[in-house]
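With chain A fixed as given, assemble chain B onto it according to the hints.
There are 2 protein chains.
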Amino acid sequence: MTLDRSTLRWNAWGFAGHQEGFARADKLWAFLADALKTGALPQTPAKTLAESTLPSSRLAFGDLAAFQEAGCEVGVSPEDRAFHARGDSYRDLLDLRAGKLDPAPDAIAYPKSAEACQRAIELAARMDLAVVPFGGGTSVVGGVTPLTGSHRGVIMIDTTKLNALIAVDRTSLRATAEAGIYGPFLEAKLNAEGVTLGHYPQSFEFSTLGGWVAARGAGQQSNRYGKAEDWLVSAKLATPKGTWRTEDFPASAAGPRLTDLVAGSEGTLGLITEATFAVHERPTARDYRAFLFHSFEEGRAAVRAIVQAEIPVASLRLSDEDETHFFGALSRLTNPPKAMHKVQDAYLKLRGFGGAKCALIAGAEGDAELVAYARTRIADIAGKHGGMGVGTSPAKSWLKGRFHGPYLRDPLMDRGLGVDTLETAAAWADIPKLYTAVRSALLDAMKRVTPNGANGICLAHISHSYHDGASLYFTYLWPRATGGLQAEIAQWEAIKGAASDAIAANRGTISHHHGAGTDHAKWMAAEKGPEAMNVLRALKAELDPTGIMNPGKLGL
Amino acid sequence: MTLDRSTLRWNAWGFAGHQEGFARADKLWAFLADALKTGALPQTPAKTLAESTLPSSRLAFGDLAAFQEAGCEVGVSPEDRAFHARGDSYRDLLDLRAGKLDPAPDAIAYPKSAEACQRAIELAARMDLAVVPFGGGTSVVGGVTPLTGSHRGVIMIDTTKLNALIAVDRTSLRATAEAGIYGPFLEAKLNAEGVTLGHYPQSFEFSTLGGWVAARGAGQQSNRYGKAEDWLVSAKLATPKGTWRTEDFPASAAGPRLTDLVAGSEGTLGLITEATFAVHERPTARDYRAFLFHSFEEGRAAVRAIVQAEIPVASLRLSDEDETHFFGALSRLTNPPKAMHKVQDAYLKLRGFGGAKCALIAGAEGDAELVAYARTRIADIAGKHGGMGVGTSPAKSWLKGRFHGPYLRDPLMDRGLGVDTLETAAAWADIPKLYTAVRSALLDAMKRVTPNGANGICLAHISHSYHDGASLYFTYLWPRATGGLQAEIAQWEAIKGAASDAIAANRGTISHHHGAGTDHAKWMAAEKGPEAMNVLRALKAELDPTGIMNPGKLGL
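Chains A and B, in that order, give the protein sequences. Those letters in the first sequence? Residues 1 to 556, by my numbering. Those letters in the second sequence? Residues 1 to 556, by my numbering.
The reader is advised that the hints may include incorrect statements.
For chains that are exact copies, the list does not tell them apart, and a pair is met inside one copy or across any two.
Stated by the list, open to error - Once the Cα atoms are required to be at most 30 Å apart in a straight line, the calculated BS3-like pairs of lysine-lysine come out as:
| id | residue 1 | residue 2 |
| --- | --- | --- |
| 1 | K522 | K241 |
| 2 | K27 | K161 |
| 3 | K27 | K342 |
| 4 | K189 | K433 |
| 5 | K37 | K342 |
| 6 | K241 | K100 |
The hints are simulated quantities; they were obtained by calculation from the structure and are not laboratory data.
Same shape as in the complex, but just chain A (with noise of 0.2 Å):
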């Protein structure tokens, strides 16, 4: 069992049938046009898969025909390439919703077992294509897309059809599961066995176990549950040299450990077809509630007193000012105004909250005293720091709505509006300066490349948080250029490459848990210096010595 794809949509967020509501979608039409400084909205609509051009497969029927009897389905009508032609990066989304769906994958094989992918790539290699792994399509940052590198076509790896949980161990709380499974499906398995692995990305809904690992993810509860790289135990490669499973000891002195290359790998070494990892018995008890700050500044002292006193916290996330304000005026534009606000702002107001003031919502899970042990912990610091407690209603809304966000980012694309999300992290000592670096460059660069003196709006938060520092998450809004996908790419470029270029000079890395892809390829050199780069190529060159395996990401 699995996600039925036809329920997708194959250039937008998600599912069809959903709507992200808006009650009064024109109250909201008309914030965001005082917001960011421009006219009316216009209509921007995206064209249709008839209307979009699709170049023509290189590959014959005796290639695909190789490929089934690999043991793979194949795919290649015009509904199945065009929904395998991009991610979900905005860039992605330029070209889908403007028609252009060259490169596309010459075709989509669909592997029935770990052997048929094995089988899949030494065909590949032979025929020269080159091999893209595909999950659930969610890359926000091109690592999906089907490059050819200096081969003849491509053929894509769909594994979605490797979906089984395969073994839980309830001594060692670890599972294993073929890579293709969704996180939905994932859970719901693990859940009846009376685990969790407690990995929810904002994708959760549509990405797969591969997928996290590969682009080496974070879920909303990376505290407890680890980032992938934390959570994966051991990995199982296909690549052009063989099959790899990887060493899946608890701790081991016995040389590097090479699992730990995997993570991150987006299938430039290999395509993960098995992932061993740690899971959770089943929380029995959570508490999540919010805090506010006076300042973002406040609240990330914070943060940091609740990670650096290592209390077992699940969650932290931190909005600064900006979003903090946004989405409190949009939850109250979209949603019926209460009489209970007016009393709320004078409370707000009398405990020297009425300006500007920042959210704080944090998670513990666990076993109840855990919890409890938790939950005082984090109030006793919060407050301590100028913090105070708000109670447990924003803290629901957010779980509540916690995988919704990206469905917000069609409905914007029809009415004339950019929005995309980048995220970085750095050591605390450095995050303040990165901060607002990167603020800047996303304001200063929108405004630039925006018309008639409109400008963008900039909003931030700590995601992720560590003993030694934290990612910082920027979700910027923009009017699009006119003009068509050329000034609209050249638009996002300038806009992303500004950001880039700010995290590079103020020690922050080009990605915390969207990957690299194609969009940073450009930025990794200068992250990772010469000899690293030239160790990956060395690991490259010996696991995929003919390049086929999803060239152009990572910078290699």
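For chain B alone, kept in the frame of chain A given last:
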């Protein structure tokens, strides 16, 4: 300021002035002879340096002058070459005590800067010399054996003149130090800045930061402070291809984290000259206390429950029945008898701990609230698993003597006894079978290779525990073979080989924290698999194209 090497023994553990006191040594020898079913213990003293054979150095005066010009002090005295001829493995001691110093390093270079390290390595490459990195030289797996590989000689690079603490970042809780700093000096300098690394391996007094990283070591409080691969943030390596500083982000999705390749690389990829690592605020509270369990199995269940409930412990150390009994008996033998013992015995019997039992030492460190929480949870979970708290004094004794174990080996070796340790790790589900198999293999092999119906003693404990598994640490004693060095080596190889085969056959890693060195090289390929060994070789070929870096280690 660093350790004065002239205060150290060249062919035995630690400070020349340290006497690991046996208050009643005669009783100890009688007890061991009885337990091993051997006759009176013979005198088997080690040869002096004057009685030993040191091969001539293959380096000419001009060679040495070139290293001096490159910024290194150079040592070629017999004392210096003998001190660097071996590490501290049992196999090493057999050579040293027999006066066999071949192979010995042709010279020792002491670089005075990271740049001098880089120049020395490039010089070695031009001179076709193997480079063997040496920190404290406490490897117990042959990690510093000066093998020439296919080269014309060996230059050992001793890092201990690189011993500065470079920076402490109190905000990000990170510090950077030169690699050759010894444990006590590093901690003293960090403590003066209000922080701690908290890495306390048994070799703490005599091992260095760089060695800990190179061998992927673990300290006794690794539950809190992490293993070397956990606390390592970034490394600076001098390699034949140039100097490489690895990434230092708190987390990143920009490709695989290549810092992970440094931990466990044992000098085969390059020489670690600097490391940046996570530190903690100095703990303001500590609680270490002991529990008794009726069996190793019962104790293991408690340890597993504690770590899987995510209790913030610093250390959990669970001895098996024989280790608990042996150290109990030893303590009563070598210390003055106490009237209290009888009362204790009667009480234990009353509580069902009259026969076999297992001791757990559980510790927590941090702030007062964290320690209080951990202490309550540990006691609760231990109790639910049949454990009985026996107070803080056994834990205090352990803490007091925790670096002194290795001092016992030399006096035992002086009296015809062999003693060695090995360690492994596996998933919790694999631990029972692995424990039984390794223990049986050790006891069987010792029985087989000891003369006259004598037998060996095998003690074991869990020293490190994880969400998904644990380490097992074995200490074993046997009467040494007579007939000279070759017979003794054959005896040790038979014992070590039997245990290593049992580890390989039962899903254990050949080392949890000692490293691979030369002693485990034979088991590396089976453990890692052919694909992984190819990946390691490709990495080495990239960074060390002529294979000069620590040849013969890691099975490379």
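Status of each hint after checking the structure:
For the homomeric pair K522 and K241, the shortest alpha-carbon distances inside one copy (28 Å) and between copies (24 Å) are both at most 30 Å. Taking the shortest alpha-carbon separations for K27 and K161, neither the intra-copy value of 44 Å nor the inter-copy value of 69 Å comes in at or below 30 Å. For a Cα distance limit of 30 Å, the shortest separation of K27 from K342 inside one copy, 20 Å, qualifies, whereas the shortest one across copies, 84 Å, does not. In this assembly of identical chains, the alpha carbons of K189 and K433 lie at most 30 Å apart only when taken from different copies (29 Å versus 44 Å within one copy).
Taking the shortest alpha-carbon separations for K37 and K342, only the intra-copy value of 28 Å comes in at or below 30 Å, while the best inter-copy value is 87 Å. In this assembly of identical chains, K241 and K100 lie within 30 Å of each other by CA distance neither inside one copy nor across copies; the values are 35 Å within and 44 Å between.
The structure fails hints 2 and 6 (numbered hints given earlier, in ascending order).
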